[in-house]
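So the sequences go chain by chain: A and B. Each residue of the first sequence is one higher than the one before, counting from 90 in this note's numbering. Each residue of the second sequence is one higher than the one before, counting from 112 in this note's numbering.
The hints are simulated quantities; they were obtained by calculation from the structure and are not laboratory data. Where a beta carbon is used, it is the ideal one built from N, C-alpha and C, also for glycine. Just so you know, not all the hints are guaranteed correct.
Unchecked claim - Each computed BS3-like pair below joins lysine-lysine, with the alpha-carbon atoms no more than 25 Å apart:
#1 Lys195/A <-> Lys208/B
#2 Lys195/A <-> Lys217/B
#3 Lys276/B <-> Lys140/A
#4 Lys337/B <-> Lys276/B
#5 Lys246/B <-> Lys334/B
#6 Lys140/A <-> Lys246/B
#7 Lys217/B <-> Lys253/A
#8 Lys114/A <-> Lys246/B
#9 Lys335/A <-> Lys411/A
#10 Lys195/A <-> Lys163/B
Stated by the list, open to error - Computed spacing ranges between beta-carbons, pair by pair:
#11 Gly263/B <-> Asp378/A: 28 to 38 Å
#12 Lys246/B <-> Gly214/A: 44 to 54 Å
#13 Gln204/B <-> Glu361/A: 29 to 39 Å
Said to hold, decoys possible - Sample of chain A residues with no beta-carbon within 12 Å of chain B, all distances over it, derived:
#14 Ile93
#15 Leu94
#16 Ala132
#17 Asn266
#18 Ser275
#19 Thr276
#20 Thr284
#21 Arg286
#22 Val315
#23 Gly341
#24 Thr352
#25 Ser366
#26 Pro370
#27 Ile408
One-letter residues, chain by chain:
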Amino acid sequence: MIRILDEIKKSPSLMRDAYCTALLKAAGENENIVALDADLSSAFGMTPFFKAHPDRAIQCGIAEANMVGIAAGLSAVGKIPFAHSFGCFTSRRACDQIMISCAYAKLNVRLIGSDPGITAAHNGGTHMPFEDMGVLRSIPHITLIDVTDPVMLADLIAQLSTDKYYGVYYLRFPRKNAKAIYAEGSTFEIGKGVTLRDGKDVTLVASGFLVAEALAAAETLAAEGVSARVVDLFTWKPLDADLIAKCAAETGALVTAENHNITGGLFAAVSEAAARSRPVPIEPVGIEDEFGQVGGEDFLQKAYDLTAEHIVKAAKEAIRRK
Amino acid sequence: MADKELFNLAAEIRIGALECLGAFGSGHIGGAMSVCDTLAVLYGSELRHDPKNPDWDLRDRLVLSKGHAGPALYSALALRGFFPREQLLTLNQGGTKLPSHVDRTKTPGVDMTCGSLGQGMSAAVGLAYGARLNKWDSYTYLILGDGECDEGQVWEGAMFAYHNKLSNLIAFVDCNKQQLDGYTKDVLDTGDMAEKFRSFGWHTLTVNGHDVDAVKAAVQAAKAEKTLPTAIILDTIKGYGCTFAEGKANNHSMTCGKDDVDAAIAALRAKIA
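Let the sequences and hints guide you as you build the complete structure.
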């Protein structure tokens with residue numbers, strides 16, 4: 090069951106704390122849960138896990154490729170490894186290890202990439218993954234999730250700590266605050282989008298912090314007489330193609346909003362799905378094939394056109410093109 | 112005195128590997144031949160395994176990180192009864208269970224998928240760490256190539272194994288001194304491999320990799336080491352024991368005609384007659 094908060098505001102808890110708390114709980118219930126780290130445990134808020142389970146908290150040093158390979162090996166003897174680093178390093182640095190040692194070898198690994206896109210902020214272009222999902226999206230059978238808020242994160246970690254799921258899962262989320270969208274106790278189905286608001290003129294398909302921007306954009310559009318549907322498409326792969334087809338058919342126009350390069354990202358994934366079911370005008374809000382840079386999140390959001398205003402503009406353009 | 116049984120098994124593994132490669136007509140002959148004596152020691156003596164139960168939790172595991180030596184491992188597995196020997200003739204055919212590079216999802220007895228060099232080290236480290244967490248008394252064996260040690264990931268894993276005192280990890284480095292483009296000393300000089308592993312903190316031994324008694328003794332010494340991971344540096348010859356490959360310059364991957372293969376197999380049979 091999913092419940093949406095009446096008012097969207099900054100999440101009360103940090104995402105990294107939600108992650109650590111959820112993993113601690115899972116580790117208490119399942120002795121096969123192990124956490125791997127590449128010299129970011131304190132930055133990742135994982136100190137409580139390291140203290141509680143020193144044998145199951147595996148410090149790999151600054152060696153992400155090795156960390157991911159070790160995770161593959163651990164899963165081959167029945168462990169459920171969660172390996173975390175900044176998203177740029179989890180994805181790019183260990184890409185071949187994810188491909189061969191994890192995915193091709195059909196092993197059971199959870200990969201965490203923090204600080205996605207502009208949330209890398211003052212760490213700048215070297216640490217600002219606009220491409221992590223795109224790099225991984227062409228790996229067969231991998232599951233890619235852009236986590237929305239701490240409630241969703243806690244639920245997904247709990248689910249992925251069970252034997253119900255087997256495979257390679259990559260989750261990206263900021264370490265610090267997110268906009269809280271969901272009420273405590275909400276549960277999510279991996280691979281299924283969440284329709285947050287109904288509408289008939291256009292569908293705003295968003296993930297990550299852009300879900301909150303899309304909801305704000307829908308309010309603005311409503312005031313102007315445009316009825317916008319809002320979908321949180323947190324699972325980028327496998328994509329909820331049925332939902333995209335339905336939204337395309339019922340609203341006739343789509344906008345995608347992502348904290349990622351539109352090349353290989355959500356715009357690409359949604360366009361691919363719509364092209365195979367119901368081709369309609371689709372306008373992207375996202376990174377237009379650029380590198381990252383340093384700056385505060387507010388600055389970067391504006392610098393890369395990732396605001397509610399831009400979503401409104403894109404929605405009008407998509408409707409115009411119908 | 113040489114262990115005749117292991118000596119003969121090594122020759123049988125070579126024969127099976129040559130049948131396998133010969134059926135396809137080409138492949139990684141040099142690097143397959145150089146590890147056969149080690150495989151004989153493992154599957155003939157030291158590696159705990161059960162062909163009837165390839166997924167047995169408490170088995171020892173082997174990560175053939177130089178995954179292109181698959182045909183040698185396939186031969187050993189077939190000889191031990193993991194699958195029928197006739198399957199050796201299906202190498203690289205569409206739908207085969209025996210691909211050029213080892214694949215844990217396809218072949219009974221193959222514990223890890225390898226082929227992208229360097230990655231087997233990390234996987235082996237993970238297996239060894241996990242086995243220890245599970246309180247299993249099993250060993251993880253790893254076979255690396257010397258050319259493979261160009262890959263930085265090998266050394267990332269080596270640091271981790273030392274730091275975590277993975278004494279249940281036993282790595283072989285098949286120092287056959289050749290890689291695809293030529294001699295390792297010309298392509299990228301690996302220097303003193305034993306000294307490298309020693310400096311990474313490993314218990315390190317160097318043996319003649321074609322002397323089954325020496326290899327067996329080294330494995331037993333590795334098992335007696337209760338603190339550190341062990342690296343067994345195998346002094347080997349690429350293509351060893353194969354008449355048309357041994358000592359050749361470009362024997363990493365080569366074609367092989369039926370006559371050549373038949374002659375090589377006949378020479379091996381003569382050794383064990």
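Closest CB of chain B to the CB of Asn266/A still more than 12 Å away
Correct as stated: the minimum Cβ-Cβ distance to chain B is 34 Å, above 12 Å.
Please test the hint of 28 to 38 Å on the beta carbon pair from Gly263/B and Asp378/A.
Holds: the Cβ-Cβ distance is about 30 Å, inside 28 to 38 Å.
Check the non-interface label on Gly341/A: least C-beta distance to chain B beyond 12 Å or not.
For Gly341/A, whose nearest Cβ neighbour in chain B is about 44 Å away, the distance exceeds 12 Å, so it holds.
Least C-beta distance from Ser275/A to chain B larger than 12 Å:
holds, 33 Å
Holds or violated: Lys335/A and Lys411/A, Cα atoms, limit 25 Å.
holds, 16 Å
Verdict on Ser366/A as a residue remote from chain B, using beta-carbon distances over 12 Å
Check passes; 32 Å lies beyond 12 Å.
25 Å Cα cutoff - pair Lys140/A, Lys246/B:
holds, 21 Å
Pair hint Lys195/A and Lys163/B, alpha-carbon separation not exceeding 25 Å:
holds, 22 Å
Would you assess whether Arg286/A, listed as outside the interface, keeps its beta-carbon beyond 12 Å of every beta-carbon in chain B?
Answer for Arg286/A: holds, closest chain B Cβ roughly 43 Å.
Non-interface claim for Ile93/A: all C-beta distances to chain B beyond 12 Å?
holds, 40 Å
Once the closest CB in chain B is found, is it more than 12 Å from Thr352/A?
About 25 Å separates Thr352/A from the closest Cβ of chain B, which puts it past 12 Å; holds.
Does Lys253/A lie within 25 Å of Lys217/B when you go C-alpha to C-alpha?
holds, 23 Å
In this structure, every one of the numbered hints holds.
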